[in-house]
Structure formats: structure tokens, C-alpha cells
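Peer 1: Turn these sequences into a full structure, and let the hints steer you where they fit.
Number of protein chains: 4
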Amino acid sequence: MKRKIRMGMVGGGRGAFIGAVHRMAAALDGQIELVCGAFSSSPEKSKLSGEDLFLSSGRAYGSYAEMIDKEKRLPEGERMDFVSIVTPNHLHFGPAKLALENGFHVVCDKPLCFNMEEAKALQKLVEETKLLFALTHNYTGYPMVKQARAMVKNGDIGDIRKIIVEYPQGWLSTKLEDSDQKQAAWRTDPKRSGIAGAMGDIGTHAENLAEYITGLQITEMCADISTFVDGRRLDDDGNVLLHFDNGAKGILHASQIAAGEENNLNIRIYGTKAGLQWFQMEPNTLYVKWLDKPMELLRTGVGELYPSAQAHARIPGGHPEGYLEAFANIYRNFAYCLQARLAGVEVDEIYKDFPTVHDGVRGMQFVESVIKSGKSEAKWVKF
Amino acid sequence: MKRKIRMGMVGGGRGAFIGAVHRMAAALDGQIELVCGAFSSSPEKSKLSGEDLFLSSGRAYGSYAEMIDKEKRLPEGERMDFVSIVTPNHLHFGPAKLALENGFHVVCDKPLCFNMEEAKALQKLVEETKLLFALTHNYTGYPMVKQARAMVKNGDIGDIRKIIVEYPQGWLSTKLEDSDQKQAAWRTDPKRSGIAGAMGDIGTHAENLAEYITGLQITEMCADISTFVDGRRLDDDGNVLLHFDNGAKGILHASQIAAGEENNLNIRIYGTKAGLQWFQMEPNTLYVKWLDKPMELLRTGVGELYPSAQAHARIPGGHPEGYLEAFANIYRNFAYCLQARLAGVEVDEIYKDFPTVHDGVRGMQFVESVIKSGKSEAKWVKF
Amino acid sequence: MKRKIRMGMVGGGRGAFIGAVHRMAAALDGQIELVCGAFSSSPEKSKLSGEDLFLSSGRAYGSYAEMIDKEKRLPEGERMDFVSIVTPNHLHFGPAKLALENGFHVVCDKPLCFNMEEAKALQKLVEETKLLFALTHNYTGYPMVKQARAMVKNGDIGDIRKIIVEYPQGWLSTKLEDSDQKQAAWRTDPKRSGIAGAMGDIGTHAENLAEYITGLQITEMCADISTFVDGRRLDDDGNVLLHFDNGAKGILHASQIAAGEENNLNIRIYGTKAGLQWFQMEPNTLYVKWLDKPMELLRTGVGELYPSAQAHARIPGGHPEGYLEAFANIYRNFAYCLQARLAGVEVDEIYKDFPTVHDGVRGMQFVESVIKSGKSEAKWVKF
Amino acid sequence: MKRKIRMGMVGGGRGAFIGAVHRMAAALDGQIELVCGAFSSSPEKSKLSGEDLFLSSGRAYGSYAEMIDKEKRLPEGERMDFVSIVTPNHLHFGPAKLALENGFHVVCDKPLCFNMEEAKALQKLVEETKLLFALTHNYTGYPMVKQARAMVKNGDIGDIRKIIVEYPQGWLSTKLEDSDQKQAAWRTDPKRSGIAGAMGDIGTHAENLAEYITGLQITEMCADISTFVDGRRLDDDGNVLLHFDNGAKGILHASQIAAGEENNLNIRIYGTKAGLQWFQMEPNTLYVKWLDKPMELLRTGVGELYPSAQAHARIPGGHPEGYLEAFANIYRNFAYCLQARLAGVEVDEIYKDFPTVHDGVRGMQFVESVIKSGKSEAKWVKF
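Protein chains in written order, with our numbering: chain A, 1 to 383; chain B, 1 to 383; chain C, 1 to 383; chain D, 1 to 383.
Keep in mind that the hints were calculated from the coordinates and are not lab data.
In this text the structure is predicted, and so the values were computed from the model without any measurement.
Just so it is clear, CB atoms sit at the ideal spot from N, CA and C, and this is done for glycine as well.
Please note that the accuracy of each hint is not assured.
[Stated by the list, open to error] Partial selection, computed: residues in chain A whose CB lies under 7 Å from chain D:
# : residue
1 : Phe228
2 : Ile257
3 : Glu377
Peer 2: This is the structure:
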């Protein structure tokens, strides 16, 4: 018998950004209920956040360790099923590890963790425990990204020759981290963000999107990594040449100093038969540029799309679906898989589609490779 | 003490479209919990829908009358706070009336009801009971629509001279009602839809949007109403000239036979200082065409927008918000107002912003006027 | 033996706008040579303009009458072949009549003339003399307009149900005619412009475009004509409902007070199989919105367009063609037809495609009907 | 006394593409007259082309050498003033050299010539003879490119940090050179095109555009050059990282195998205060993405643009100007400069703006550097 899945959250207290996004994404489809949380390192703040969120008194914990410990002791029909981790990068590993060790499934914000060592340890733990682990590379949740992936897989655009993936933002054009902007502060701090700034924060999304759609893997890269804002401690811009495992060539660039850009993730993929183009900021359109017939605009919810594109849209064409709906697709698929596991049944293949710890490991490898290449005088560095 | 608001739903069982939209919109912000429903006129189907939605056994009722009766007897901390009505037009009045008479607040899908008589009766009841009544003219929930309204109010575009509001769709280009398409069937059936087809279903959205943004009222109109598909029983297209109460002129046209159009609601407003343009299908951009300086693109979540635009956006600029978020703004504002009323406190003025029974009455007047004008040989018919 | 065609111009002296456009359009394809002109009512100014244009001394005349008289006496290999009339509306009839009476072909700016009486007289004269007469409804010269017309003719979009044609401009949002802006002055002056302002100046372009693409004729209309700027003597805005001879319904609106609009002529045509959309400001794209397959973007110079679209493009796809090229298509086709006539051969059917005196008469009828309807209390006025 | 400038053309006979473009560009503004040509290496074909173009008998020459020799002997009021060279790359040097040596000014298609040696020789000759030499890097002729350059120069966007210039085309996605497509044949033939294919043909346009707008110079580059189509003899794709002389970083990529792309040259420039974006295929819009205020769309002919943008537009805003008009700006400026020189007067600084032999030398250097870098294992190669 299917039931609602119960979520405990780590991080995401008052004033946080991504925690609220995770909660909306989890709530949208009515499959998941927030039952508890360790919302802040301050127990007081955590409690207040719990009240904001209408949690039962006593289930806003002072730490993730307490949460995991206490929830584990609750009866089966009551305790949380999984942990959602929405803290800064350096605080992913601890709760993820503890959750897995205690039998809780995990949804974790990206990038997976702080470094390769942590990443490999988590991967190992997931493999051993066989627990579900979703990583919120949310941009792959858009219906038109699913369509693109299906088209590539089906050979619609022929053999891929060239891939251009971009992620320009402008919000760190000035030294925002010197103000009290919380998001800027931790994302530019090596102690909390890791060895990379822009390349970790958004470069990994670009890498993940390119590999997800094409099914190809980057084999080597040549990176030009910069810090444009004086005194900033991590990179805020990177331009990278890519080689893929089928011989395709590519470019990935990501920036936080591209003045005036909002969140302009986009990708172009050129095959022998057609080119595809998709913009995250206009996510319901997929441009298909055919070699030998007029350009087509495929649209979310319109006409005969591939099943995976259809299964990840909620409303008829022309009613725009956005960021939260794409994000919610990860939570919904995760919930469907978990419900099926709990009920001992199989889930439709189409819903097994969400980023996992393996994508997380690959993301950490990307971060390490791209920073290494940026410092290298050799032209090509292996992924 | 603020608490989650409890919703009971009328309609929206398996296979319905708009019911699921209402549930997602209600769930998104974590302020509302679905606790019961009369999801279908078949008690059996209603029960199955209740199971799909993880409702407590016994709260999936066989009829709205049963729901209202039974819920009323539940203890205060348990019974539903409001009824959400998501049935076809001819089934709005009954549950709305009964809910109000029994002290339940109401959210109702548009158009308000079946005819002016019902509309006036509901309006009277709302005025007498002083209960909250929200009508889901959801398109006014978009942040950039709020921004447009604030700009007009603030005089940014000067005195309004011309308004063009369009709502072209193409989905009824063929006689879809002859297939088993449920949506097409009731929307083209005078017994369920009322005297108007396209003009009631989408024309009212266009009318509501124009009056909401401009703060003006249509005073008279000249309509050319058509049924293009052979054998269809209601209008599927209408072109209407408008006069507004400040002397502005306008055009409203809506169609369900505009082949290839998805859901292309859009509006242009020309004042003495600037023109505004907004497209529902690209809802996060507001085009401002200044008379004497370069065109600007205002964007959801970016820069210094008016407070009402900011208060109805959830995520930073460049992360597209869509139809469900706009729809959710009605539910969230309704919930905030209801929470405040239950707590005996005042709610911020900014959240009192949702369509009410008065918008519904105006919509029904629009329907009657436009159909009358369509049949009239006089040039102008009073609104 | 083909030779260059010799043009004499009436109007278009220093400071004029449309005269220079005509000269560039005539020059572009190397088929036409400007040999003489009566550029101004001041002989002095006319002479100076002649010098600017590198004309032979003695061929910048003091009046069109002098020009026609003197040119007629020149030897055949030297004298002008046709007259190009680029004066304000009230000064079209005189030179057109005299030119025709003296055996010169004519290209005339639109609208054809000042009123129906003049229009009919010119039409009669053209029929009697069998001379070539082109009217520069230049917007029909765009390749993608040709493509749209061919698609309609070929049945690609099925039976036409609805047509929306718009021509919003904002340049007369203030009382510009009170400054020394020459263009504004004559266009708002009933003595020079005729009975209509916006409806004559740009409404006629919209009417011509709609009828040209669809091959349909407007049969009746219902117009709401306004003058928004205080003290202006002619209309600056009009909203018109249309009926077409096949039963299609339509809307035409044109404005010069649509603040912030540049020259935003555009059209949408909905048939039973597809919708077409074209914007003059982005003229190389034709949007085809199919009822049952993805939207296509047809592009000037790309892929397999209809022959008429191909014959009116000059450069490969992606090299944007603009307003002057469309304008030049009228001159080039006119030149090809005239060259063929002079050589006594047939010209390819595809080049006989330019607006004539008959389009001009229809335009004058439109002006008279729309102004009449604007004043009428009857709903429908015959075209 | 100003007079029309007389042009002789080398190349551009029947069936050629770019020759016709040059003729239309030269004719548009009425400042230049085509008086003679050596249109083909076949004297017969040259003569036929001369007839097509209505040239005086006897001035369609059998070779450029003959043309230069014979024209030189004509009286001053009759002989050509300059030579326009529109042949494939390997045939630029000969006529350019001979023209300069015989006192004729030159307009030459890009790239300048076949290799650096030729380029330097021409540069030296231009410097010695002080004759005018224009190179048709036509994309810098667009008004909005002029506006972008002026904005950068004026500091409007602050210090430049990042530049992305792209030139994707798809027309060589298949081995078109094996068909009888003349354009494909010579452009992929090392004997006629030189050491580079795509990078010479379009990469040089991208390089020229980036340096023209920004006023910066590329100092070093890291190139990944590919030939995707089997059996093709030159590159058809290249991805290049760039360093500029002010410390800015950049990306240049150009491709002829980007399936479905037409001629999508575009550029983005990010400064400390704003980002600029321009697309050649939508050339009348310049996107200005401000760091701290709403995005603006600057438009050709609209509002208060910089003088250089205004001086290179011909018609009011909203009347799209295209590729030919931009191309014509080079010819017109060249003509104005030549007219002034012939009249012994100064020309306005604004018209001295066209690409010269120095741009051509820089382009050849770019070609050599980028091909060298493509083959190098070193990360950075000096420009």
C-alpha cells in the first residue's frame, strides 16, 4: 500500500535559500511530508524554523546527529524515511554518512561534498547500504531536457560532433561577500565551498547537464580559470575546452562575473543530422535545428514528445512550468522509487531517472580536474 | 498562533485536470493541507481518489453535501477550514452556497458560476457571512502582472489610452468534443458551461487581467462572436472592441480555434508615457516600451521591483517561475488571510490581493454582455 | 536587348524621408538609373538636390510639369522611362495623371491619392493607357510575405478562419506636429493627408498586407476610430472588426499613439490546419504553428521555400534582408516588367508581382469605409 | 566638387555570390558607379557579365591586368577610381598589388590574401602609396556594432573582463565540396583558401568583430581545431580560448558543421558595469544587461544613440536594416573618403571608419596563430 514519504531536513532554517526550494519541491506533488528537521546549528533557531513549518513540537532538532538518533527510535509508522541535506558544501558529508549508516535514504544538494575523498566514501556507503541517494542536479529535471536526452539516445540528431554548455551569472560581479550576503559568503569561502568557486557551484551543473543529455563522458579538458574580483579567494569564471569519449569537441564556460546575467544556463548540441538548443531561463522550448528541414520548436506538454518528457510535465502546453517543477521532478521520482521499495513492488523505469551519488562523484572529479587544468601548463588534462 | 489551513475539495477526482492543479497550488507553500474531499459524483470514485491522495479513511465523501455536513460535526482542530471547488461551471453554485451557509470559507474555480442570478446570490451570501471567498483567476497571480498593476497605479506609464488583451488557443480547432475528451465535452456543452464557450472559459480571464492591471472598468463593448466548428453548440471565437471608464479604447479577442496556439494569453497597455507588454507563456518578463528612452525588460526576482511583485516571487531571478507558482499565490494569500483571521491579527495589505466573488460577478456580467453584444445589431452594448 | 531603366523623381528633395528610400530601393539591383527629377516646389532647391544626386545639369527641374514636358522632348535613348512620385498624399494625383497622359509609366508612393474620385480617375487612365503603374505597398515585398501568400494559396494552412493584422507605432504620442517635424506636420494635416491620419498612413498598409497574403477581401467592417492627442486634426488610432468574403473574421488595428512601438506591423492568420505569424520588424522569420505537429520557423533563404519567396531574396539564409530590400523588390519587379515590355518579350510570371493602381483604389476605399464606420452607429459598414 | 566614384571589379561574374553583394552594397547609396570589370578568368564570360551589368562595350576585360592597363590609359574623367576585388582568397594578392602599383585605390574581400608574406607586402605597398584600401569585414558595418564600440570606448560598461564571440554555421555539415557547389569547393581547398578553412573564412570575422568592438587585442590563444567531415582537407570547426591585452579572457568558436545554424555570428562582452550582447541575425537590437538596473534593448534608429551608430543607419527605427546595408556602410565610407581626397577636403572623422589593410594583416596573423595553436601541445600560443 502506497503511502506518503516522510522527510527530515538538515539545514534550511530561517534566511536560507535552497532549503525553502527543497521544501516546495518536495511538497508540490503531495507524495512527501516534512516531519522533522535540524534546520540550524543553533538549536534555538532550529526550533523557531520548526514552528514556521508547523512541525510537531519536539521534531525540530538541535543537530543532525540528534535528529538521526531520535528519529531512529521512533516507531516505523512515524519516523522519517529519508534525510534531505541542504547545507553548504562542507556540511554535506557528515549528515549524509550518518544517515546512510543508520538506514535512512538521502537527498543531497549539489555538489556532493567537499572533496574526492568524501565523495568516494559516500559512494561506497551507498553501494554497501543499497539505500536510495538522490543528488539535486535539478536542471536535468526539466521536461525539455528529458526530451533532448531521448532524442539523442534515439539517434534523432545523428552522431554528436560539438557541445557548447554555458552557465553565466553576474551576481558576484562585485565583492558581494564583503557585505552580509550569506549566499555570497560561503560560496566564495574555500573552507565551506571547497577548492572551487564558480566551477563547483555552477560549473558542475553545466558538466552534469551536458553528460546527462548526450550520454557522453568528458575525457579531457583544457581550462582557463580566473578570479576577476580583487581579493576573492576562489574562481569566479572559467572557460574550458572539452573532449568527449566519442570524439566530440566541446566548450564549457561558467561565470559569476558575467554582468547582468541572471541564471543563464544553456546548452547547444550539434549532431550530424540536427542541432539542439535549450535555455534554462526559457525552459519549455527545445529548439531543433534540422540540417535539411525547417527549425522546429518542441514545447513542454505539446504534441508527441518522448515518454520521458511527457512523464515529467504536469500541465497542458502553454502553461509554463518552471524551476520548482523541475526540482520537484527529482523529489517525486525519488518518492516513487522509495514508495515502490517500501511496498515491495517495481517502479516504472521512467521514474528511476534522477541524479545519484555517482553523478556526485563525477561532479567532484570535474571540480578537481578543472582546477588542476586551470593551473597546468599542459594543454590537456584527463578528466 | 499560526497553523496550517485545512482544505476540503469538491471535484478533482481521477482524470480531472484542474483539480490536480489546485492541489499542487495549495500544497506548494506548506500553508495548506488537504484533509478531505468529495472528488466525484460517484462515491466509489471519490473513495479511490481519496486513497490516491493519502487521505484518512472516511474523509473521502460521496457528495459535497455529505462532506459539509460531516466536516461540520468534526472538532475544531480537525475539520476543514475551507472548501475548494474545482467542478465544471454548472456545479459551482451548489457547493459554494452550502459551504458559505455552513460557515466554511471558499476557493472557487472560474468562472464563478452558471449565470448572473447565481452570481448575485453568491455575492450576497459572501457579503452577509463575511466569509473569505477566492476565485482562481490565476493569471493575476504572476509577479510581473503585479508589477504591471503597480506601475500603472503609480503613474509610471501615464494615462492609459489603449489596451489590447488576447487569449488565443487552438485546441478546439477540430470537433474534439466528439471524441471522449472530457475537457472539451463539458466546455462546449451549454448545460454545463453556460451561455458562452470560449468567451466564458478564457474571455473572462482576459477581461479580468485587463481590469486588474489597469484598475479601469470596461463600460461598453462591441462583440463579433463566432462558432467556426460545424455543429459546435457554443462560441469558439470572439473579437470585441472595448471602451473603458477613463476614455481608453481597447480590443479583447479570445479563441479556441487559433490553430497552433497553446495558451497564449497576453496583454499590451499603452499610456501617455510608456507601453507595457506581458505574455503568459513567458511570464517572467515585463516589456516596458518607454516613449523617450530604451525599452526595458523587467524580470521576476531581478532588481528593484514594486513590493507586490517581490512578495509574489519565490526564487532569485533567472530561475523561472511558472503557472503553478502564480496559481499558488492565490492559495497562499488566501491562507495568510485566513490564518490571520483565525489568529485574530491583521494581515499585511500585500497579501489581501486575490480575486474574489466580486471579480466573479463582473466576469458573469462580461459573459452576458459579450454574448448579448454578439447578437445585437447595435454597435455598442453596455457592460 | 535589355537595358537600364531611367527614372525621373517627383519630390524627395533635401530633408525628405521617403524619397531617399525610393532612390536606394531603385538603385539596389542595378536595373534603374535616376536621370532627372523635380525634387521640390522650389526650383532652387530642386537644383541643389539634383547636384547632391550627381544629375546632369539641366535635369533637375523646377516642377513636375516642366519635367514631363522637357523629358518628353528628349531623344528616346535619353529621356526618362518612368516617374517616381514621392510627395505627400495630396500631391500624387497631379504628377501621376500628367505622367500617364504623356506616356510615362509610374511608380507612386501610397496611399494612391487624396480621395476616391482621384483614385478612380487614375485607375481609368491606367486602364486606358495600359502603362505600368506600381504602388509602393512595400511590406508585401518581403520574401516571407511571399512565402505566406504561397502557403495560403497552396492550401497549406487550410481554410482561413481568423486574421489579426496590427500596425502599432508610437511616434505621434505627443503633438509632434507642433514642432517643426515635417513628417508629422503633413501626415496630421487634412489638407495634405486627406480624411484619415493613422488609418490612411498605416491602416492601408495593414489592409493591403492582409488581403495580399490571404487572397481574401474584406466585405464589411466595424471601426472605432480615435484621436487621442488633444488638438490633433486627424485620427491617430483605430480598432476595426473585419468580415472577409470567405466567412473569416478579423481584427485590424493601427495606431500612432502606441507609446514605445517603433513600426510594429505584424499579422496572424489562422486556418483549419495551421496558423501563420509574421512580424515586419523581424521579417526573415515566418512562424508556422501547425495544428498537429511542432511549430516551424521558416526563414528567408533557408531550405525549400516556394519559388516566389526564393525569387525575392538576394542572399543566403542568416544574412538578414530588411526594409530596403523589400522595397527594392517592387522596383526590381517593375523594372523587369518594363524591360520586357521595351524589349517586346514576356517576363516571368513571378516578377509581375507588385502592387498596382487597383490596390491603390482598394486602399482609398478602405480609408473611406473605415472613417465612415468610425462615425456610424450601425455595427457593420460595407467595404 | 563632389562626384560619383567609379568602380572596376575583379571577379564576381555569372554564378558568383559575393560579387553581387559587393555590387549591391556599392550601388545602394548612389555614390559609386560600376564602370568596368574583369569578371572572370574567361574573357568570354567576363564579356557576358559586362552585358548583364549594362556596362559600356569594351569595358568588360579579359583579365585584371588588362583592366588595370587599359583603364589607366583612359582620360581622368572616365577611368575607374578604384578596384573592387571579389575573387577567392588566393586571387586577392595579384590584382591588389597591381592596382596599388598603378595608382588605383582598392576594396578587397576578406581575408586579405593567402598568407602572411602576401599580407605584409600589401601592407607595405599601401603605406608607400598612401592609397585607400578597404577590407570588407562587413559585420562591423552594422549600426548596433558601432553603438557597442562607442559604449565600450566611452566606458559605459566599465572594464572588460570576458568576451565570447561565436560564428556557427551548418552548411558544410556534409561533404558539400563533392557536389558542384562552387562556394564549398574553393573554401575547402587549401590551394585556393590557404591553410585554414572555417577559421579563415569565418573565424577571422569573429576575431575582427571582437577586436573592433572592444578596442582590445588578442595576445595569446589556445585552439582546438577539428575537421569533422571525413576527407575534408581543411578545418571545419574550431574552439579557441583567448587572452586579451587588458587581462580579459575570452572564447572564440567558429564552425561550419554546427547543423542547422545559418550564419549565427554573435558576441557577448562583459564589463564591470554591464554586459553587451549582439546577434548578427537580429542586427538591429543591442542587448545591454546592466549590473544594477533593468536590461535595455537599444535599437537601430531609436532614441539617443552614439553619433557613429546614427551615422550608419539610413531609415527610422522599426524599419529593419540588414546585411547589405551594413556592407554598404563600408563602400559608402570608402566613397566619402575618396571623394574628399579627390576634392582636396577633409572628411568627417565618423566616415573614416572602415576596415583596412591593417585589419587584413591582423586577420592573417590570426589564421596562422590559430592553426599553429591547434597543432601545438603547448597550452598558449602568442598571437
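Peer 1: Does each hint fit the structure? Answer for all of them.
Peer 2: We went through each hint and held it up to the structure:
1. With its C-beta approaching chain D no nearer than about 5 Å, Phe228 of chain A sits inside the 7 Å limit, and its interface hint holds.
2. Interface hint at Ile257 of chain A: satisfied, since its Cβ lies 6 Å from the closest Cβ of chain D, which is below the 7 Å cut-off.
3. Hint on Glu377 of chain A holds. Least Cβ distance to chain D is approximately 6 Å, under the 7 Å limit.
In the structure shown, no violation is registered for any of the earlier numbered hints.
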